[in-house]
Amino acid sequence: MSSADHAPFSRRLFIRQGLTLASLAATVPQFIQDSALGMMLPLDALTSSRPGVPEDRVLVIVQLAGGNDGLNTVVPYGDRNYYNYRPAIGIGEPGRNGQAALELDQGQGIGLHPSMASFKSLVDEGVAAVVQGVGYPNPNRSHFASTDIWETARLDGKGTGWVGRYFDCTCNGTPVPEGAVAIGRNAPLALQGEIQKPVSFESADLFRWLGKDMHPALEQPYASATRAGVLPEVDEHSQAAFLMRTALDAQVSSDRIRAAVAKAPLVQYPQGNLSRQLRTVGAMIRDGMPTRVYYVSLGGFDTHAGQAGTHANLLRQLADGLGAFHRDLKAQGNSGRVLTMVFSEFGRRVRQNASQGTDHGTAAPMFLVGDMVKPGVLGTHPSLTDLDGGDLKFTVDFRSVYAGVLDDWMGADAAKVLGKGVKKAVVVRS
Amino acid sequence: MAVNSLRPLKPRDFDYWKAHHLLNRAGFGGTPDQVQALASMGLDDAVDYIVEYESIGDDAMPTDRWSADIMRPPTAEEQETARTARRNSDEATLERLQRERNQRQAADRKQMADIQKWWIRRMIETGRPLEEKMTLFWHGHFATSYRTIEDSWHMVLQNQFLRANATGSFAKLCFGIIRDPAMLEYLDNDQNRRRSPNENLARELMELFILGEGHDYTEQDIKEGARALTGYTFRDDAFVFNRREHDDGQKRILGKTGSFDGEDFVRLVLARPVASEFIAWKLYRFFVNDLPGTPDKDTQGFIVKLAKEMRDRDYQLKPVLRALFRSEHFYDPDNTAALIKSPVQLVVQAIRSMRTPARDLSALAAASDLMGQNLFFPPNVKGWDGGRAWINTSTLFVRQNIIVYLLTGKRPNTYAWQEDDAVYDPTHLLAHLPSLDGGPPPVRDATTYLLRFMLGSDPRPERVDGLVAFVERNGGRIDTNVATALVAVIAAFTEYQLC
Numbered sequence: 002m003s004s005a006d007h008a009p010f011s012r013r014l015f016i017r018q019g020l021t022l023a024s025l026a027a028t029v030p031q032f033i034q035d036s037a038l039g040m041m042l043p044l045d046a047l048t049s050s051r052p053g054v055p056e057d058r059v060l061v062i063v064q065l066a067g068g069n070d071g072l073n074t075v076v077p078y079g080d081r082n083y084y085n086y087r088p089a090i091g092i093g094e095p096g097r098n099g100q101a102a103l104e105l106d107q108g109q110g111i112g113l114h115p116s117m118a119s120f121k122s123l124v125d126e127g128v129a130a131v132v133q134g135v136g137y138p139n140p141n142r143s144h145f146a147s148t149d150i151w152e153t154a155r156l157d158g159k160g161t162g163w164v165g166r167y168f169d170c171t172c173n174g175t176p177v178p179e180g181a182v183a184i185g186r187n188a189p190l191a192l193q194g195e196i197q198k199p200v201s202f203e204s205a206d207l208f209r210w211l212g213k214d215m216h217p218a219l220e221q222p223y224a225s226a227t228r229a230g231v232l233p234e235v236d237e238h239s240q241a242a243f244l245m246r247t248a249l250d251a252q253v254s255s256d257r258i259r260a261a262v263a264k265a266p267l268v269q270y271p272q273g274n275l276s277r278q279l280r281t282v283g284a285m286i287r288d289g290m291p292t293r294v295y296y297v298s299l300g301g302f303d304t305h306a307g308q309a310g311t312h313a314n315l316l317r318q319l320a321d322g323l324g325a326f327h328r329d330l331k332a333q334g335n336s337g338r339v340l341t342m343v344f345s346e347f348g349r350r351v352r353q354n355a356s357q358g359t360d361h362g363t364a365a366p367m368f369l370v371g372d373m374v375k376p377g378v379l380g381t382h383p384s385l386t387d388l389d390g391g392d393l394k395f396t397v398d399f400r401s402v403y404a405g406v407l408d409d410w411m412g413a414d415a416a417k418v419l420g421k422g423v424k425k426a427v428v429v430r431s
Numbered sequence: 129m130a131v132n133s134l135r136p137l138k139p140r141d142f143d144y145w146k147a148h149h150l151l152n153r154a155g156f157g158g159t160p161d162q163v164q165a166l167a168s169m170g171l172d173d174a175v176d177y178i179v180e181y182e183s184i185g186d187d188a189m190p191t192d193r194w195s196a197d198i199m200r201p202p203t204a205e206e207q208e209t210a211r212t213a214r215r216n217s218d219e220a221t222l223e224r225l226q227r228e229r230n231q232r233q234a235a236d237r238k239q240m241a242d243i244q245k246w247w248i249r250r251m252i253e254t255g256r257p258l259e260e261k262m263t264l265f266w267h268g269h270f271a272t273s274y275r276t277i278e279d280s281w282h283m284v285l286q287n288q289f290l291r292a293n294a295t296g297s298f299a300k301l302c303f304g305i306i307r308d309p310a311m312l313e314y315l316d317n318d319q320n321r322r323r324s325p326n327e328n329l330a331r332e333l334m335e336l337f338i339l340g341e342g343h344d345y346t347e348q349d350i351k352e353g354a355r356a357l358t359g360y361t362f363r364d365d366a367f368v369f370n371r372r373e374h375d376d377g378q379k380r381i382l383g384k385t386g387s388f389d390g391e392d393f394v395r396l397v398l399a400r401p402v403a404s405e406f407i408a409w410k411l412y413r414f415f416v417n418d419l420p421g422t423p424d425k426d427t428q429g430f431i432v433k434l435a436k437e438m439r440d441r442d443y444q445l446k447p448v449l450r451a452l453f454r455s456e457h458f459y460d461p462d463n464t465a466a467l468i469k470s471p472v473q474l475v476v477q478a479i480r481s482m483r484t485p486a487r488d489l490s491a492l493a494a495a496s497d498l499m500g501q502n503l504f505f506p507p508n509v510k511g512w513d514g515g516r517a518w519i520n521t522s523t524l525f526v527r528q529n530i531i532v533y534l535l536t537g538k539r540p541n542t543y544a545w546q547e548d549d550a551v552y553d554p555t556h557l558l559a560h561l562p563s564l565d566g567g568p569p570p571v572r573d574a575t576t577y578l579l580r581f582m583l584g585s586d587p588r589p590e591r592v593d594g595l596v597a598f599v600e601r602n603g604g605r606i607d608t609n610v611a612t613a614l615v616a617v618i619a620a621f622t623e624y625q626l627c
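As you go down the protein sequences, you meet chains A and B in turn. With this note's numbering applied, the first sequence corresponds to residues 2 to 431, in that order. With this note's numbering applied, the second sequence corresponds to residues 129 to 627, in that order.
Since the hints were derived computationally from the structure, they do not count as laboratory data. It is possible that some hints are incorrect.
[Unchecked claim] Short derived list, chain A residues pointing at chain B, Cβ under 7 Å: (1) Val-54; (2) Ala-66; (3) Ile-196; (4) Leu-211; (5) Gly-212; (6) Lys-213; (7) Leu-219; (8) Ala-251; (9) Gln-357; (10) Asp-360.
By construction, the Cβ of each residue, glycine as well, lies at the ideal position given by its N, Cα and C atoms.
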């Protein structure tokens, strides 16, 4: 089966059309029953996108945890101040020997960290963008607090996650199973809505019951207890019935995700944790999962000391991972319906510290990848002379990037998710 | 339909399975021996034993081994150093101070993780389960998160305060919480000043702590309540009433006028009849039934009577809990094996009732977090929603797998859980079952008992048949291996999520 006729949209249709047959059976997973309720609604009530925006678009969020040093990622080599602030750890201008930046925008004097050649190729192909100087007012330098701000898209960092709210706003009171999937131990706040809850797993192999490993013969009693759906004589409104429905959902998700991930990818992915996660996401997209938002993360960016080697290694993982992921999607024929967005909770201070590292700072670049991305270097680099207590002043509010993604990519009403008054940044090709 | 009065259960109806229910709900379950001991006390004595726990020695771990000073405020001297460095743009000093701050924060997070483990251990080991259970209830009710306040000692102080008053008086808890440093910081009351009032604490006192959202108060009451609470702040680890920041003007709150302060405000709010109904409803959801939606008529009737009991007793909690645990309503089949276990309940009850090794406490804390309940880090001031919010396709697998870990000590490679080779033998759970000839009890009896013991309800026949068939196919007797496998698979049944 080709990927085109296995798209989530057709699965949705299948679920709708198959309802009358399926909805009364005790073994119907909850999401099919929920869709059965959806049948009573006007046909477009379940769709989450504005008319004209395809229903099968996917957003992949990559979190760089710890605070990525933006100035050594997107390097303002054209500004001498950069080298004054960073005599020991600064990245040299393009063409120099040793650690030399990769030319990104000669006019602006902007380059990329030398480890990011794979990402540079994506920019050259016209499928990737750098958004410069992204931050928010009154920056918070606590990892916890700033991550919460980015994930809730609220300056007080309180409440539900912005992606969770996106689903809450569009799903008519019923969570979308597998709507949002996080690869990782903990589901991030970004994906938590009032109603919408993410699926999360560290690796697909762990998204299952491990008791079977104790004794293979347990498979049968386990399956009969968890795959039966709501048993007869159980009050369908009871907690027991709710648990039985969810247990069946979990089994169906588990089967499906593990089957998807078991297939070898179409391209080779590099080693490393981020690549492993992106490979899993690629497999799920290829399999036509109905998931609209995926979340992966790479940690270790809190480079207070001796950062050069660590940072180079992390950026290589990021760039090579994004490169392989894009090639995979392209080979699948899916690169036009997937947008990948990279963020970190803050950048780092302009001046290097005494330990050849950098301390918590403010604005930093974001990255976007996908056929539909408005490519190139977007926004202006923050000034190195007009600082705020030694920190960069942001030039783009991260919420405006979210607004651009929600509005132009997901076809959602950004104001409903982010509140009114957020100006949209255009990051998607029109 | 469960009766809608506080009518007690008939004493002769209090049997082994009723005692089992009581111990699960009022505590974290117990072994067959403990259940039997409780059952043989009879209803009244059993409930007293649970509720009047002060007579039971508190031999759990001490609380004084935490450092109070990791996040202490800077001394005058340190402040001066920082000021000077800022004035002179002395980057080297500023950087050193920043680094020291980072180190203190890291040390404090470490201490917070230790405190988390300590509380879980306490729940596992305590002889006063209701004390810990109610402390957990209040932690969810007066929810305060370390994530915001980043001071582990303040979290300890709050935890001790909640424990000391766990079954005392709800009024006393409310008066105490407006003087609790962690809460004052969490809800920004340290920013609540005469000239720039901050409504956060006043709002939550009405909306979440005492009356319930939209119940019997107005936005104006919140504004005036915030004025009453101005100047309620803390310095280092102690409450401070800052007279200069307190607005001592006339306020009009809930129809009364006066120059009210914070205590007056709490008193006025507690005087509303809906206050006792709100807290009775929350206790009901925690101890009796957590079905979503509006309670049915009988349930509502029961809650109203519980609330009246609370008002009649000036918000004393013990008489209310005693009435609850003695009531026929509490033991009704509709309310048995009907409550979705919280993650902490799931883990602690498994360990206490089946006597599994506790394994690695940080693994238990991490798993509890994965299941949605990170102790000392409630998601927001509403606390944990509980009930169905605990359950989704991801948490269900973690719930099943944490029991596998408790039983086997083996963890999947990518979880940072410690491998533990303590061998667990669950056959002791079956030791008291009668046998015909001095040998092991018949397989069907043993399987039926194990199911009922673990699930808290009469097992469905198809469940019994499936497990008996498993035993027959695997040697026909319930030895350690087979028993462990049975326990693992029963714990993965959907009904095991209920208690």
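Quick rundown of the hints versus the structure:
Look at A/Val-54: its Cβ only gets to about 28 Å from chain B, farther than 7 Å, so that hint breaks. The closest approach between the C-beta of A/Ala-66 and any C-beta of chain B is roughly 15 Å, which is over the 7 Å cut-off, so the hint fails. Restraint check, A/Ile-196 versus chain B: the minimum CB separation of about 10 Å is more than 7 Å; hint violated. Look at A/Leu-211: its Cβ gets to within about 5 Å of chain B, closer than 7 Å, so that hint holds up.
Proximity of A/Gly-212 to chain B holds as hinted, the smallest CB-CB distance being about 4 Å (cut-off 7 Å). With a cut of 7 Å, the hint placing A/Lys-213 at the interface with chain B is violated, because the nearest CB-to-CB distance is about 9 Å. For A/Leu-219, the interface hint holds, the least distance from its beta-carbon to any beta-carbon of chain B being 5 Å, beneath 7 Å. This hint holds: A/Ala-251 has a C-beta 4 Å from the nearest C-beta of chain B, less than the 7 Å allowed.
A least Cβ separation of about 12 Å between A/Gln-357 and chain B goes past the 7 Å threshold, and the interface hint is therefore violated. The beta carbon of A/Asp-360 comes within 6 Å of a beta carbon in chain B, closer than 7 Å, and the hint placing it at the interface holds.
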